[in-house]
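Each chain, written out:
2 protein chains.
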Amino acid sequence: MKKYVKNLAKKAKEASYKLARLDSEKKNAILFKMADCLLENKDFILAENAKDVKAAIKNKLQKNFIDRLALTEKRLSEMSESLKEIAKLPDPVGKVIDQYQRPNGLKLKKVRTPIGVILVIFEARPNVTSDCAGLLFKSSNIAILRGGADSVNSNKAIAKVLESAIASSGLDFKPFFIIEKTDHKIVDLLLSENEYIDLVIPRGGEALIRKVVEKSKIPVIKHYKGVCHIFVDKEYDMGKAIRICVNAKVQRPSVCNAVEKILVHKDIANTFLPLLKSELDKYKVEIRGDSSSRRILKKIKKAKEEDWFAEYLDLIVTIKVVASIDEAISHINFYGSHHTDSIITKNASNAARFTREVDSACCFVNISTRFSDGFQFGLGAEIGISTDKIHARGPMGLVELTTYKWVVEGDGQVRE
Amino acid sequence: MKKYVKNLAKKAKEASYKLARLDSEKKNAILFKMADCLLENKDFILAENAKDVKAAIKNKLQKNFIDRLALTEKRLSEMSESLKEIAKLPDPVGKVIDQYQRPNGLKLKKVRTPIGVILVIFEARPNVTSDCAGLLFKSSNIAILRGGADSVNSNKAIAKVLESAIASSGLDFKPFFIIEKTDHKIVDLLLSENEYIDLVIPRGGEALIRKVVEKSKIPVIKHYKGVCHIFVDKEYDMGKAIRICVNAKVQRPSVCNAVEKILVHKDIANTFLPLLKSELDKYKVEIRGDSSSRRILKKIKKAKEEDWFAEYLDLIVTIKVVASIDEAISHINFYGSHHTDSIITKNASNAARFTREVDSACCFVNISTRFSDGFQFGLGAEIGISTDKIHARGPMGLVELTTYKWVVEGDGQVRE
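Residue numbers (this note's numbering), protein chains in the order written: chain A, 2 to 417; chain B, 2 to 417.
Same shape as in the complex, but just chain A (with noise of 0.2 Å):
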């Protein structure tokens, strides 16, 4: 197996010089080749997901689980139609970012570079098989895509239908490359291959990222969990701030960008608390507090040391109430995920500490964390989102899937 996993990621990088060498038409082409082809192909799609989700109700696994695995025709037109969409962005491959001239002549120019070879590592979502297909391939980038175990039928299924696209548009290599076997050891091999593999995407939850994080000797930019934060400062406006917490937590509290702890500065907490509480009852939400809270909103839970750092994904919130935005940062940068956090504040000074001093990722002033998300934040697509602090934090797109090179050109020029 150590064999096979070399030689595919060898094949990788081989392949990878030669789609560094494709247009952007050529490319744009192969992508809406790829979206009719989903299409055509619907019913032998539909026909090996069904076999995952027969297994997985057979292995009796979540429900929630089984709603992400399974595929219908609005979903496989939703998948095609996204391929459609990273067509149409902007390619981020070959722009010169930054030029400039020096004394002696030399002209520096910083171009935008495909990374090479990229291995992603998701769960049993099927369509994350065609999505990063498609954003690897727009931004040059051969892809290995390793999806989780239950999910191996649809994904064989719509790799098989990809790369017919692909063969009948004449590309003499592979742009993806579908790891098939679901042996785990094949992961630990792949993370080995530092030499023709330059980055590791892990999505998914927390324990498969930190596995991917502990074995890989190849870079992984990642986020293990979304802890975030509203911060209701002192002077505010009551009704956004309810409407914003309101919304940060049910509007979808299964993602990462949902909020998991409200913080409320003292001056307004009997006023505010009670509010919020009467609006997040209408949810069924659980509330979770610290003793002033509590004090205020009689009869909800008490908050655990290690509530502070949990990541529900559900709905439930912690609350806490702060005496000052000093405890509202160095709690957040303590307990947070630096992921994003948000301020509810008409105080243009508090808003600008909040910014610059809360160490995450997206620091959001008067709007809900939901809006933490790459179509959101109008980069068309997202790959995944980073908490990392380098290469890119936050959402990521096209651009976060190139690096750069220099390129310097003379007329002859030695070092003295």
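There could be a bad hint or two in this list.
No copy labels: a pair is met if it fits in one copy or bridges any two.
[Claimed, not checked] Here are the simulated lysine to aspartate or glutamate pairs, DMTMM-like style, with alpha carbons at most 25 Å apart:
(1) Lys28 <-> Asp327
(2) Lys19 <-> Asp327
(3) Lys61 <-> Glu358
(4) Lys175 <-> Glu328
(5) Lys14 <-> Asp37
(6) Lys267 <-> Asp24
(7) Lys347 <-> Asp412
(8) Lys235 <-> Asp412
(9) Lys267 <-> Asp412
(10) Lys218 <-> Asp189
(11) Lys27 <-> Glu15
(12) Lys218 <-> Glu207
(13) Lys27 <-> Asp327
(14) Lys75 <-> Glu287
(15) Lys226 <-> Glu307
(16) Lys3 <-> Glu215
(17) Lys27 <-> Asp412
(18) Lys12 <-> Glu328
(19) Lys14 <-> Glu79
(20) Lys305 <-> Asp282
(21) Lys157 <-> Glu41
(22) Lys241 <-> Glu164
(23) Lys111 <-> Glu215
(24) Lys19 <-> Glu196
(25) Lys161 <-> Glu74
(26) Lys14 <-> Glu215
(27) Lys110 <-> Asp92
(28) Lys108 <-> Glu86
It is worth saying that the hints were derived from the structure and are not from the lab.
In this text the structure is predicted, and so the values were computed from the model without any measurement.
The hints should help you fit chain B onto chain A, whose structure is shown.
Leaving out everything else, chain B in the frame of chain A:
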């Protein structure tokens, strides 16, 4: 020792939040003070350095190692001058890289921020201590500096002097931490502190860097080695080609941007190679060659397979005759180190192909590979060179020591 390391890393992270609040003016004033203190305490630093040099001689370390270790008054002035130069460079922190508004009124800004805590691991060059302390301070990053065991007295002395400059400036935190313990285990422990340390930059030989990558749970930016190529194309200016090849090889052969391999187009090999050899002979450069170049240049050594991968860092060069630009590009991508490669050509479309298809951090046209350097690129200072694909590629200056955050302002917007 584990507790000591965790405590140090945690303190560094806490300090990073304080450093992030310091403005440019204050940082620059402190850098000037650090520069002055180095000169004011030169006798102390030189005396401590003499201890290291004495021990190195006693331990029979190599001459060029001792050369790099030994400080002189002149070197100390250069270190001091370098801190002043860093003070004068523009501060990247807080710079808005991009800003735009979304149809729903959200105002998005990408703002440069410090990375946080950066661990620099280096060998016995005491000037690296002050250079790194300066660069990381200016970019508002907390530095953890671990120098080679053979320069421990020098590093401690420099750190003590710089710390006194900082203390007299009224900072209530330490902006850098020198690891004084020489036990190797401490490095392994530091490399596990991925909760508090954001980035590792190893500087030194390939063996050191491979060890760091192997052990680190923290992202690492590095280059293993510089196997730089020059490809002399068919249509070329002979005078420039000779001058560039000779400069790239002999001007400073011990550094990573010196040329190690010269590829020559077959159509010009008969005229070019004898001229090149007669010039290189003047500098006593040992030439190794493939079979074609050995037919033209009699009596040169035969290049073995491992020669094509080798970084000599010495007056040795390997020469190959290639049939085409395609062969040159494939050879460079396969055998090279993705550092810096240069084409000598009058053909603009070949120059464009070379700079697009060679997968290296720096792709040059008609200049010496020796220009691959932060100062030469006009970055003002350099923390190192990256052959990685993510975050930064090629020479890294202050900007490359920052990341960004998304600051998004609205007026009560929520997700539909």
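Quick rundown of the hints versus the structure:
In this homomeric assembly, Lys28 and Asp327 come within 25 Å of each other (Cα to Cα) only across copies, at 23 Å, whereas the closest approach inside a single copy is 50 Å. For a Cα distance limit of 25 Å, the shortest separation of Lys19 from Asp327 across copies, 12 Å, qualifies, whereas the shortest one inside one copy, 53 Å, does not. Neither within a single protomer nor between protomers do Lys61 and Glu358 lie at most 25 Å apart by alpha-carbon distance, with minima of 46 Å and 51 Å respectively. For the identical chains of this complex, Lys175 and Glu328 are inter-copy neighbours only, at 22 Å across copies versus 53 Å inside a copy, given an alpha-carbon limit of 25 Å.
Proximity of Lys14 and Asp37 under a CA criterion of 25 Å is satisfied in neither setting, with 28 Å inside one chain copy and 51 Å between copies. Taking CA atoms no more than 25 Å apart as the test, Lys267 paired with Asp24 passes in neither setting, with 58 Å inside one copy and 30 Å between copies. For a Cα distance limit of 25 Å, the shortest separation of Lys347 from Asp412 across copies, 10 Å, qualifies, whereas the shortest one inside one copy, 58 Å, does not. In this homomeric assembly, Lys235 and Asp412 come within 25 Å of each other (Cα to Cα) only across copies, at 16 Å, whereas the closest approach inside a single copy is 63 Å.
When the C-alpha separation of Lys267 and Asp412 is checked against a cutoff of 25 Å, the pair qualifies only between copies, where the shortest distance is 23 Å, while the shortest distance within a copy is 67 Å. In the homo-oligomer, the alpha carbons of Lys218 and Asp189 lie at most 25 Å apart both inside one protomer (10 Å) and across protomers (16 Å), since each shortest distance falls under that limit. In this assembly of identical chains, Lys27 and Glu15 lie within 25 Å of each other by CA distance solely inside one copy; the values are 19 Å within and 50 Å between copies. Taking CA atoms no more than 25 Å apart as the test, Lys218 paired with Glu207 passes in both settings, with 19 Å inside one copy and 16 Å between copies.
In this homomeric assembly, Lys27 and Asp327 come within 25 Å of each other (Cα to Cα) only across copies, at 22 Å, whereas the closest approach inside a single copy is 53 Å. Neither within a single protomer nor between protomers do Lys75 and Glu287 lie at most 25 Å apart by alpha-carbon distance, with minima of 33 Å and 68 Å respectively. For the homomeric pair Lys226 and Glu307, the shortest alpha-carbon distance inside one copy (14 Å) is at most 25 Å, but the shortest distance between copies (45 Å) is not. In the homo-oligomer, the alpha carbons of Lys3 and Glu215 lie at most 25 Å apart both inside one protomer (19 Å) and across protomers (19 Å), since each shortest distance falls under that limit.
In this assembly of identical chains, Lys27 and Asp412 lie within 25 Å of each other by CA distance neither inside one copy nor across copies; the values are 34 Å within and 42 Å between. In this assembly of identical chains, the alpha carbons of Lys12 and Glu328 lie at most 25 Å apart only when taken from different copies (18 Å versus 53 Å within one copy). When the C-alpha separation of Lys14 and Glu79 is checked against a cutoff of 25 Å, the pair qualifies neither within a copy, at 31 Å, nor between copies, at 44 Å. In this assembly of identical chains, Lys305 and Asp282 lie within 25 Å of each other by CA distance solely inside one copy; the values are 21 Å within and 76 Å between copies.
Proximity of Lys157 to Glu41 under the C-alpha cut-off of 25 Å is restricted to the intra-copy arrangement: shortest distance 16 Å within a copy versus 70 Å between copies. Taking the shortest alpha-carbon separations for Lys241 and Glu164, neither the intra-copy value of 49 Å nor the inter-copy value of 48 Å comes in at or below 25 Å. In this assembly of identical chains, the alpha carbons of Lys111 and Glu215 never lie at most 25 Å apart, being 33 Å within a copy and 30 Å across copies at closest. Taking CA atoms no more than 25 Å apart as the test, Lys19 paired with Glu196 passes inside one copy only; the shortest distance there is 18 Å, against 39 Å between copies.
Proximity of Lys161 to Glu74 under the C-alpha cut-off of 25 Å is restricted to the intra-copy arrangement: shortest distance 18 Å within a copy versus 69 Å between copies. Taking the closest pair of Cα atoms, Lys14 and Glu215 come within 25 Å of each other both inside a single copy (24 Å) and across two copies (22 Å). In this assembly of identical chains, the alpha carbons of Lys110 and Asp92 lie at most 25 Å apart whether taken from the same copy (18 Å) or from different copies (22 Å). In the homo-oligomer, the alpha carbons of Lys108 and Glu86 lie at most 25 Å apart only across protomers (23 Å), although the nearest pairing inside one protomer, at 36 Å, exceeds that limit.
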